[in-house]
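Asks: Which chain is which? The protein sequence lines are A and B, in order. Note that this note's numbering numbers the first sequence so that position 341 is 341, with each residue one more than the last. One gets this note's numbering by counting positions in the second sequence from 1 and adding 1000 to each.
Keep in mind the hints are simulated off the structure, nothing from the lab. The C-beta atom is built at its ideal place from N, Cα and C for all residues, glycine as well. Keep in mind that the hints are not guaranteed to be accurate.
Claimed, not checked - According to the in silico footprint, chain A covers these stretches of chain B (three or more CB under 8 Å from chain A):
no.: 1; region: 1020 to 1026
no.: 2; region: 1060 to 1069
no.: 3; region: 1078 to 1089
no.: 4; region: 1279 to 1293
Claimed, not checked - Some chain B residues well away from chain A (every beta-carbon gap over 10 Å; in silico):
no.: 5; residue: Leu1092
no.: 6; residue: Tyr1241
no.: 7; residue: Glu1267
As the list claims (entries may be wrong) - Below, simulated SDA-like cross-link-like pairs (lysine to any residue); rule was C-alpha separation at most 25 Å, straight line:
no.: 8; chain 1: B; residue 1: Lys1392; chain 2: A; residue 2: Ser85
no.: 9; chain 1: B; residue 1: Lys1182; chain 2: B; residue 2: Gly1198
no.: 10; chain 1: A; residue 1: Lys75; chain 2: B; residue 2: Arg1033
no.: 11; chain 1: A; residue 1: Lys359; chain 2: A; residue 2: Tyr297
no.: 12; chain 1: A; residue 1: Lys75; chain 2: A; residue 2: Asn36
no.: 13; chain 1: B; residue 1: Lys1392; chain 2: A; residue 2: Asn36
no.: 14; chain 1: A; residue 1: Lys108; chain 2: B; residue 2: Gly1065
no.: 15; chain 1: B; residue 1: Lys1182; chain 2: B; residue 2: Leu1164
no.: 16; chain 1: A; residue 1: Lys207; chain 2: A; residue 2: Gln161
no.: 17; chain 1: B; residue 1: Lys1050; chain 2: A; residue 2: Ala82
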Amino acid sequence: MPSMWERLSDMVTALERYARLEAEGVWFDGRSARPNPVIVRFGEATLTLSGADDVPRAHWALASLRALPDQGDAKRLMLVPAQDSDERLVVEDAEMISAIHAVCPDLKRIRVPRGSFRRLFLWGGGAVAAVLLIVFVIVPALAERLAVMIPPAQEEALGDQVLAQAKRVFGRFSSGVRVCERPEGLAALDSMVARLEPHFESHVPIKVQIFDHPMVNAFAMPGGHVVLMRGLIERAENAEEVAAVVAHEIGHVMHRDPTRLTLRSAGSAGILSLLIGDVLGGTAIALMTDAVINASYSRAAEAEADRAAHRIMSDAELPLEPMAGFFERLAEGAGDRNGLLSPLATHPDLAGRAEAARKADIIGDTRYVPILTQSAWLDLRQICRR
Amino acid sequence: MTIGSFSNGSEPHGGLDVAYTGTGKTLFWLALRTLFLTFLTLGFYRFWMKARLRRFYWSSIRVGGQPLEFTGTGLEMLLGFLIAVVFLAIYLGVLNLLLTFAGMALFQTGAFNISFIAVIPLIYYAGYRARRYLLSRTRWRGIRFGMERGAVDYLIRALGYSVLAVVSLGFLVPLMDFRLRKFAVDRSWYGDLRFTQGGTWTGFLRPWLWVYAAIAIVALGTVGAFVFENPIMGVVIFIGYIAVIIAGVHYSVATMRYAIGTTRLGEGVRFSSTVSTGRIIGIYVVGSLLVSIIMSGVLLVLVAVTAGLANAFGVLGEVSQMFQTVLAGRSSNSMAYLGIGLIAIMYILGTLIFLALNEVFLAQPVLQHYVETVVLHNAVELDAVLQRAHDKMAEAEGFADALDVGAAF
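Throw the hints in and build the complete structure from the sequences for me.
Replies: Structural data, given as structure tokens:
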């Protein structure tokens, strides 16, 4: 520990000491690769580099002196007379290095080249615009066209991929969600679909299955996959309500809404992940599944699917009052505190859709053949029992 | 310290040694710090991280006592990335439109696969440009390296050789590797001195035959498994896979050794390399082991700290339930969020430490071995090398960056 007096005298004599300080260094003049051994001294606000003959070869202003950052060896200093200079000076003398650090506070300061931020701003804006153009113009246009052109076999392959991912998403941890397969329930489900089957024409066969999940929701996926959640069946008061939901999802399949949505998100995700560097495609599959699960079709697409459901139900001589009632109950339950209803309840304009269903109803108070017998309905409600 | 010692490594006959001076400690903290900043900035800092790590690595490589210098900047690389995004987005967008309207014939396995195939030629283009950027931002003794333009020619040749390689069932892969390397090296400069790749592609052939032999073991094992239905064939296949990995490493090491040994700079500067496959594999094995051992310790500490903090916040009891409540979407429980946040932070911290350790125990030792086994012979010409002009390259290595095909460093 130096005494106070010693430190004070150090400070007083610092400049003087630095003035007399000299060290060896290697100077590169920036024009040739020849190393020039030099003696480094402090001049008047400069660093003076002198050759072996003691003749000064260069004077570097201390104010503009810079040291190269992030060097692997802390025991040597690589100096530059000014930021963009080609010249270099290598100093290894510890005392000289600390002296230079002491007299040059700006040693690490970096001046950003002029116009950098303007160019960054321009190209950043360009990049964002290009990505937006892709996501909101080009890809939707492509998806629109491809959804209609895609051969059924390939649509089904796409659907299988989305279905597999959806099972993973709704499962806990790594195990996928359980598909409910109690035989009596499956038989009831089959007879429900069989009643609707003659009354619609789909480009892909419709495959309905039920996930063991409490959410009150249903999805259509590419390739004719229709998925109902256990929560929806439990919430429904009769089989016709479930049938109306199935018919609605069939409407989506017929209009290729899920395919359009999947292609759209797959295209966006695929191109984006290429741009960002994720070429594994993991993001793409995850994003496109997410899009289908959180399916936000346009109002027009929903209305179209509803109209398809009205047509199918009416052709099958089934009432639409249950559909209307189901929508109304969903709308009331929107504020349900467990929040499980929210996915369907947030569908826009449930009241309007209930009204439209009621208007399309042709059964009224007349008798009709229920889509399921009472015992089949009970079987369907228990399809997830093990 | 004498002036003479600055140029140590100078042999009497004008040879220069290459030394590596980087230490694990400095690298670890630099890597961890920059990785953390990258994470905090959602990835934007990665350009600065790359610049800083390169400055470290370059400055640790001393040729004849004088370090290399990387002069690229993070700002420059970010700008290059943005430029590349604009061009790639337009390219992919227009290409997809054309493909779609040309008909469905190409649409086989999903819309994005076509885009991926369309990007393959760009990968070669980007690779050449990235190499040019790296060289133009490298200095030694204050003098710039550089590379001539030629990415499009390189791309065309690469596609041609790829066809040859596929048609010859892989036999001509070494021809492709050698010729593409020669194309790039012959256009590389140090100051006003040009590099030349000598040798012939047959120099790459012998190590490639080992790869072939290893693949043959796997093929024989697979055929054997079908014919004999004997579990011993599983062992053969396993040995075959190990052999393929070792032969693959040997190919990359041996071709590098051959290529360095046949490279010339200017009229008379020659290089030699004694890089060894055994050492490289040893580094991978020992390095992976060390990383695993250290990571186990780090994880233990992180878990202990997490549990301690969870206990301090009184959320330990929630830990068991929180995943279920949160995953079911019913997480009004802020304590559960706190617990999950704690675990997430520890997980991210662990990942960052793991990446930094990989840099220290794998990337750096491999680089060190490659570098230290190189010797420059008859290097007297180097003293007379003159400066070359700055290569502006506004798009830097943006294409390689966007396509994720950047050089190893």
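Asks: Starting from the hint list further up, note which numbers the structure goes against and sort them upward.
Replies: 4, 5 and 13
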